[in-house]
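Please arrange chain H on chain X, whose structure you already have, making use of the hints.
Protein sequences appear in the order of chains X and H.
For the first sequence, my numbering begins at 1 and goes up steadily by one.
For the second sequence, my numbering begins at 1 and goes up steadily by one.
Each hint should be verified, as a subset may be incorrect.
Said to hold, decoys possible - Here are the in silico distance ranges between beta carbons for each label pair:
| no. | chain 1 | residue 1 | chain 2 | residue 2 | range |
| --- | --- | --- | --- | --- | --- |
| 1 | X | Arg173 | H | Ala372 | 24 to 32 Å |
| 2 | H | Arg298 | X | Ala301 | 28 to 36 Å |
| 3 | X | Gly19 | H | Arg94 | 56 to 64 Å |
Said to hold, decoys possible - Here are a few chain H residues that face chain X, going by a calculated C-beta distance under 10 Å:
| no. | residue |
| --- | --- |
| 4 | His25 |
| 5 | Ile53 |
| 6 | Asp95 |
| 7 | Asn185 |
Claimed, not checked - Covered stretches of chain X, as calculated for chain H (at least 3 residues, CB under 8 Å):
| no. | stretch |
| --- | --- |
| 8 | 293 to 307 |
| 9 | 356 to 370 |
Hints are computed from structural coordinates only; laboratory data are not their basis.
Virtual Cβ for every residue (Gly too), placed ideally from N, Cα, C.
Number of protein chains: 2
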Amino acid sequence: MLRTATHSGPVVTVTFDDGATTRFHAIWLRDNALDPETRAPGNGQRLITIGDIPADTTVGNTRVVGGDLEVTFQPEGKTVIFPAGWLADHAYDRDRPKDAGRTAPGLTTWDSALAPPGADWNAVHADPRAKRGWLAAVAEFGFARLTGGPVEPEALLRVADLFGYVRETNYGRYFEVRTEVNPTNLAYTGLGLQAHTDNPYRDPVPGLQILYCLENSAEGGDSIVVDGFRAAQRLRAENPEGFALLAGHPARFEYSGSDGVCLRSRRPMIELAPDGELVAVRFNNRSSAPFVDIPFDRMEAYYQAYRQFAAIIDDPAMGVAFKLEPGESFIVDNTRVLHARTGYSGAGSRWLQGCYADRDGLLSTLAALELAQPEAAE
Amino acid sequence: MLRTATHSGPVVTVTFDDGATTRFHAIWLRDNALDPETRAPGNGQRLITIGDIPADTTVGNTRVVGGDLEVTFQPEGKTVIFPAGWLADHAYDRDRPKDAGRTAPGLTTWDSALAPPGADWNAVHADPRAKRGWLAAVAEFGFARLTGGPVEPEALLRVADLFGYVRETNYGRYFEVRTEVNPTNLAYTGLGLQAHTDNPYRDPVPGLQILYCLENSAEGGDSIVVDGFRAAQRLRAENPEGFALLAGHPARFEYSGSDGVCLRSRRPMIELAPDGELVAVRFNNRSSAPFVDIPFDRMEAYYQAYRQFAAIIDDPAMGVAFKLEPGESFIVDNTRVLHARTGYSGAGSRWLQGCYADRDGLLSTLAALELAQPEAAE
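If we strip away everything but chain X, and leave its shape as in the complex, we get (with noise of 0.2 Å):
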């Protein structure tokens, strides 16, 4: 509710009912009015362009009604409501955060201390509401586990199916991750994997990979996952000049071991938003490419950050690891928490089916369920 409207100029300030008050802009408010001539009923989309609205569009008069703001825009002499609530959700007269760094509102982030967060396969079959837990564990977290799902190959698709969409590659709309007698990728070896991001020569990277367990009776082959926000966040804190260099200079990534595939990529690092929010890790010693996009005289100490960076990931006090037994599987946001596997044996076996998904589809899915289930929102 609004206890006071006024306008002054281009400028109306309104009071809210606890006494908080805030400003908006004339050309603001009547490019994002609410009627039905400016956004269309039923789908939202906006019907006009920032072109049809006057360029000296000014406020000619405000009142409180109902508890609402009504404007009325000259030289158009249009009279739009805006309600209270909308008003104060998309309040921009704040102070904003400005550290380089920093992660978006809803992100938790964590080291080995964290019980990873996980689901029942049937539980999100059957009940929204584990479903959005699930989902709400990928986002905040960045990584969630599915117990409890069969043992059967192609399960990994059931598992896209439930928030969006495979995005098919050149690995196919899904991967077996095995021994190979040629692999064409070192994922498909008995081999160690150092913790990574999947794909960085890709642009964009996979938003989302899914790791399905079918076989997983070899010596080693645990899962660990690292958080790359915290992993930054621990290399700005330890050497803020070091993460300047990581976030200021595209790095580079290729990957051609297959026919007809050539790869490559020219991204930082560690991406910031514009205003420094933290956007993607890409980090992947296998397929990183040479550096040329760092000056000369900043290579080595771009280096010895690369160094700290890895050693920040590589250590145990930041890993989560887990062994997948055969039904289980995990999501991971690709753009932002890394995964390693230890080196198993040829003693017994291990077989995981992999697939690229989009971030998008899991966070609309999310967002959806949110909004039809508004009294579980925390």
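Just chain H now, kept in the frame of chain X:
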């Protein structure tokens, strides 16, 4: 061919036979060593991590051997050959452009004077050179037409099969672009659409869009494409501060027109790499959400820049227009090139099918064709 190689502390200096001189650091050379213990023969992936390389790595000896560089690293006592051509290709001891908003090498920006690049359906199926030219046009200009294709539903999927993989979304593997009674998206009406990039509410956005024409006898319904990178550079020239505002603050985009779909993103309209190279443009009046990440005292200037950017995009001097005939299609690089359509009337019919595909698949197929046809490289 190298003429000389010397070292001093951790730096190796080489002189090519044309007299050019460049320097490399010991740690960089060691990390990028090409020997089979460092790089897996076959798939080319690196077998060691940065932590496997001694932190005190330095150069014990350098020699020119058969025109190539031989380096012995200490304390490992490891000797590795670096071909002269490889060193020339990966030299980083150079001045690099610093201007924000420059385009990557190999891109050509354009305006309405451009003759739309295109290729013929049969040619790209039969002739690898024609296919290569067609894909190279997408890489260089951000769009290309394809004419002479079959007038058959789902033919667009065969276009995607030529270079990569469809990216399935909530709109399906592909979607119908024609007038609907209760449209979930304004694209499915006869309205004109301002030039836009698709799905900026998705993160990452679809890298490529294919629009394939099956019927187009309606009045209007012309296609227009605009080079978003050229538009960004024009904004930079006309209003450098406005360019910096659009590049320096995240915008917001949102779509929730269908049940169970709630897509939101927080990305700038003009995205730059950390070193200022243009990465992407996002522009869509229909799905822009309220911008809340711009400081209050910059919001008016931000909107002024947004209005100016829109006016540049709408300027007829910027757009290349064509009318698709049945069996014709075009690909747009949705991270760079905006597309528009003029409104069309109920007389006659207009039916397009659209789908998304990944840009990295196209660029990989192109790079592999270039490696296979080196003599054709310009």
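Going through the hints against the structure:
Range check, Arg173(X) to Ala372(H): about 26 Å between beta-carbon atoms, so the 24 to 32 Å window is met. Between Arg298(H) and Ala301(X) the CB atoms are about 33 Å apart, so this pair conforms to the stated range of 28 to 36 Å. Evaluation of the 56 to 64 Å hint for Gly19(X) and Arg94(H) yields a pass: the beta carbon distance comes to about 59 Å. Restraint check, His25(H) versus chain X: the minimum CB separation of about 5 Å is within 10 Å; hint holds.
At about 8 Å, the closest approach between the beta carbon of Ile53(H) and any beta carbon in chain X falls short of 10 Å, and the interface hint on this residue holds. A least Cβ separation of about 9 Å between Asp95(H) and chain X falls short of the 10 Å threshold, and the interface hint therefore holds. For Asn185(H), the suggested interface contact is upheld, since its CB lies about 6 Å from the closest CB of chain X, less than 10 Å. Counting residues of the stretch 293 to 307 of chain X whose CB lies closer than 8 Å to any CB of chain H gives 9, which reaches the minimum of 3, so the coverage claim holds.
Coverage of the stretch 356 to 370 of chain X by chain H holds in this model, with 9 residues showing a Cβ closer than 8 Å to a Cβ of that chain against a need of three.
Checked against the numbered hints given earlier, the structure satisfies every one of them.
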